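> Since each chain sits alone in its own frame, please combine them into the complex, following the hints.
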Amino acid sequence: MLFRCGIFLPGTVLGLGLVVFSLSLVTFLAFRHNDGSLLGSGWTASNFLTILTDPLYARIALRSVMLAGLATLATVMAAYPVAYCIAVHGGRYRKLVLFLVTLPFWTSYLLRVFAWKIVLAYNGVLNSFLVGTGLLHEPSLAFLNTPAAVVVTLAHAYAPFAILPIYTALESMPSSLLEAAADLGARPLTAFRRIVLPYSFPGVLTAIMVVFIPTVGDYVTPALVGGPQSVMIGSLIEMQFGRANDWPFGAALSVAVMLVIAGLIALLRKTEAGKESRL
Amino acid sequence: MRLPVIPARQSSSSGILLWAYVFCYLVFLYLPICLIPLFSFNDSIQAAFPLKGFTFAWYRTLLHNEGVRNALFTSLKVGLTSAALATICGITIAYADVFIRNRFSKLLSFLVKLPILIPGVIIGIAMLIVANLVGIGPSAGAIICGHILLAMPATVMVMHARFAGISRSIPEAAEDLGAREWTLMRRILLPMAAPAMGSAFMLAFLTSFDEFIIAFFLTGSQPTLPVYIWGQLRFPRSLPIVMALGSVILAVSVVVAVLSELIRRRGQNA
Numbered sequence: 001m002l003f004r005c006g007i008f009l010p011g012t013v014l015g016l017g018l019v020v021f022s023l024s025l026v027t028f029l030a031f032r033h034n035d036g037s038l039l040g041s042g043w044t045a046s047n048f049l050t051i052l053t054d055p056l057y058a059r060i061a062l063r064s065v066m067l068a069g070l071a072t073l074a075t076v077m078a079a080y081p082v083a084y085c086i087a088v089h090g091g092r093y094r095k096l097v098l099f100l101v102t103l104p105f106w107t108s109y110l111l112r113v114f115a116w117k118i119v120l121a122y123n124g125v126l127n128s129f130l131v132g133t134g135l136l137h138e139p140s141l142a143f144l145n146t147p148a149a150v151v152v153t154l155a156h157a158y159a160p161f162a163i164l165p166i167y168t169a170l171e172s173m174p175s176s177l178l179e180a181a182a183d184l185g186a187r188p189l190t191a192f193r194r195i196v197l198p199y200s201f202p203g204v205l206t207a208i209m210v211v212f213i214p215t216v217g218d219y220v221t222p223a224l225v226g227g228p229q230s231v232m233i234g235s236l237i238e239m240q241f242g243r244a245n246d247w248p249f250g251a252a253l254s255v256a257v258m259l260v261i262a263g264l265i266a267l268l269r270k271t272e273a274g275k276e277s278r279l
Numbered sequence: 001m002r003l004p005v006i007p008a009r010q011s012s013s014s015g016i017l018l019w020a021y022v023f024c025y026l027v028f029l030y031l032p033i034c035l036i037p038l039f040s041f042n043d044s045i046q047a048a049f050p051l052k053g054f055t056f057a058w059y060r061t062l063l064h065n066e067g068v069r070n071a072l073f074t075s076l077k078v079g080l081t082s083a084a085l086a087t088i089c090g091i092t093i094a095y096a097d098v099f100i101r102n103r104f105s106k107l108l109s110f111l112v113k114l115p116i117l118i119p120g121v122i123i124g125i126a127m128l129i130v131a132n133l134v135g136i137g138p139s140a141g142a143i144i145c146g147h148i149l150l151a152m153p154a155t156v157m158v159m160h161a162r163f164a165g166i167s168r169s170i171p172e173a174a175e176d177l178g179a180r181e182w183t184l185m186r187r188i189l190l191p192m193a194a195p196a197m198g199s200a201f202m203l204a205f206l207t208s209f210d211e212f213i214i215a216f217f218l219t220g221s222q223p224t225l226p227v228y229i230w231g232q233l234r235f236p237r238s239l240p241i242v243m244a245l246g247s248v249i250l251a252v253s254v255v256v257a258v259l260s261e262l263i264r265r266r267g268q269n270a
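Keeping their order, the protein sequence lines are chains E and Y.
In this text, residue positions in the first sequence follow this note's numbering: the first is 1, and each later residue adds one.
In this text, residue positions in the second sequence follow this note's numbering: the first is 1, and each later residue adds one.
Here chain Y stands alone, though its shape is the one from the complex (with noise of 0.2 Å):
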């Protein structure tokens, strides 16, 4: 990976070095990354340097093994019904906090941001307690429920931002030409927020698809993806397959991020 070394206003010493540091800080960021897809071609259980030799072998053990099939449909499951449901959720209360504006739609969308302010394992013992309490125990639901307050924030900022950047006389045009407000959202403000949606969508998604310690705490009989490879994690010798198994994740969470992204780009410059 390259980076640009133009500085825009002035080209003083000072800004290349700023911009050679900031080339240093990416290495630093994706360097101890990069040896997890290194290390799932290299044909040794160890992974260290030298490298002993290039293999798919890992990567054929992988499509056979049950474990990961069935974590990954979990995995799949869980992610796409919480991203479904955060993705609605954090459409409705961001319509509320800008389009309503009374004191409950405030109340709402500040309580639904609490979580940032709450370390993972607290969300999931809570989301524990509760699941036992309602009787539905450690179990793919209780997992959605903790993913959905998870992902929340998020796709409300992100709806939050889209409808307040819609401008005013849009939604009062509709009004003065008699659309009521249920007219107004599905024929107005859901496709021109459209973009914004499947944004949300994919961020919950993946927050839900690379959350470890909700999941931990909440998982029954089926381990979602994360959990199953905290449970290989003990044994050293299925290490080359935990690889093989976290270069596909990292490769599916790159592209879904970088999707999410040009996507929202799009729906900015629409």
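For reference, chain E alone in the conformation it holds in the complex (with noise of 0.2 Å):
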């Protein structure tokens, strides 16, 4: 008995006392008047009302939206053949080349995002390759500090969060399939469309959703390298638990994300399971 208790406990703790308890305070919180106190005054729903009406959220939220969805987008489909290749050409260099794909992830992402911003600073390594060739005549402020840069920087940064749930879907099919298809007449083309896209399809939408989340709520590629052009929502929370002081708001803004987040979830599922009813 003693040890059973011990067991739970630290899963108890945490679970409970911190995921829950935390997540609890957050929206608890965001239907607070802000007066400057750690837990604000009063019942109000103003700070959601605020996100909804006021025109600046609305366009700060899209935004967040759009470049984490097309961040998200470049992602997989640069993702998926790397998966597609080492499930079925892998061989005994599978486990090396998952490896090695996965390896940065372990690297500080901190540090892989101020990559790129040498990459593709002024006096950049970008620039000075385009004008060392002779293909630019003098360096351009284009690359840095705009929405480009960061949805190729996240796209970089999230890389190993799409190929492995590719990789895990498309390891399952059996080699079989694809000879039977191939004896049966069909094309490359049509047995790629036909049988490789279905069986990946679950592993799709998780890689959707694993890069999905992170890079809506990103706060470190924005500020390095996206400009006044690209601030997004983690960039607004930040700001209402900093310079703004205005906790509740910032909550408010939290909670929202996460419902974002959830409806997000709730849809990819119900795709998924559309999908399988069909097959």
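Note that these hints are calculated values from the structure, not bench results.
Every value quoted in this text rests on a predicted model; they were computed, and no experiment measured them.
Even for Gly, the Cβ is constructed at its ideal location relative to N, Cα and C.
Treat the hints loosely; a few may be bogus.
A few chain E residues facing chain Y, derived, Cβ under 7 Å [said to hold, decoys possible]:
1. L14
2. H89
3. L111
4. V131
5. T133
6. A159
7. V231
8. G234
Here is the structure:
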């Protein structure tokens, strides 16, 4: 009995004590007035009304979803052939390549983003390459501090997130399926469209989820390479807990982000269920 | 870095094309990161080509920098503590999920995996509110709590995979011979899962050592290394030192990640 208590103790402290308690606290704070104190005062829905009605917040929210969406699309599309290659043609190099692909994930995210700042800066690597080879007459300011820089950097930083789930889905695909398709006269493209794509579909959905969630709330990338044109919702939340000092509003923004994420997850689940019932 | 271009089953042209793509993809993945060590040896304040000359000067400056030393100490303290606690939690939660399997153990393993679905900024502010409410405020203790949350999903999954791979007959035999749960865990399951525990610990340590945004919100008077770097990024003058520091961090991360992978594989083969 004592043993059982010991086994459940750490999980209970973490799961109920930290996860549930802290998220409930954020939600609680989101419905309070800001009076400068830690927990605010009174009950109000005005924080959410501001988010819904002020066009400034709508614009930033839309931009966050769009930039994160573009980064997710780029990441998943670039990762798909890699995952397919490792799963189908990997052979004995499967583990090695998989490890090489995931290794950057375990190195500092901050440094990976910072590396892109070196690449894209006015006197950076890309500009010195383009000027050095004569493709540009003078360094261009058009690379750093743009939304495009944010998308490229995010797609680079979250690459391993997309490869693993797609690989896992494709790995379970028996190779006899492709052989049977070929025997029955299916062209490679047809076999890919009718067999490989549906098989990898759950993996693709997971990839979309695990890339979109961290990117939509990202703070580091817009701050380092995005410039004023790409302020995202993460920076806005940070501001409320920093300079603006409006914690209840920051909490309301966080709740809104979590609701968007929950909505996306529900949508992906539904898509997956619909797809399976048709097969 | 060279990639073996040997398609496994058929040496079709599409296979070769795919491998070429994988090679380009790896170049895209690693090239920007390689620039940091490259410029850390460059004898110039600016990070631009052509390279000016080779120097160890930035690393020498790094050695005598007190701010870096303090930040490194904080990072190690936070990383080792949170990794140890996250590993213990990972072991117990995975054990309950694999061997006890009641509704409560399932709920717990669901709850501790939730942080995957929440952006880091939100975990950071949630911990900030809790830390202020409890009274510890932004501090190393608060960062440790945040980093445990962040590392939990990985440690639970690593331990879960290991426990699930242990044949049912082994704990059953132990129980038939009269071993209590605690004895079973201490004498049989934990020794069998030792490599997975090492692997989980290292992954949790890396997660904490490289983490920025949660530490950014919860840093009191002692910044961790990534928070220290963030502070230095504003000053163009300290750019080369940041790159030297970044190179050291990259090297440590790569070594720990490779070790963790090797330990995990050894555990699987055993």
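> Against each hint, give a clear statement of whether it holds in the structure.
Here is what the structure says about each hint:
no.: 1; hint: L14; in the structure: holds, 6 Å
no.: 2; hint: H89; in the structure: holds, 5 Å
no.: 3; hint: L111; in the structure: holds, 5 Å
no.: 4; hint: V131; in the structure: violated, 10 Å
no.: 5; hint: T133; in the structure: violated, 11 Å
no.: 6; hint: A159; in the structure: holds, 6 Å
no.: 7; hint: V231; in the structure: violated, 13 Å
no.: 8; hint: G234; in the structure: holds, 5 Å
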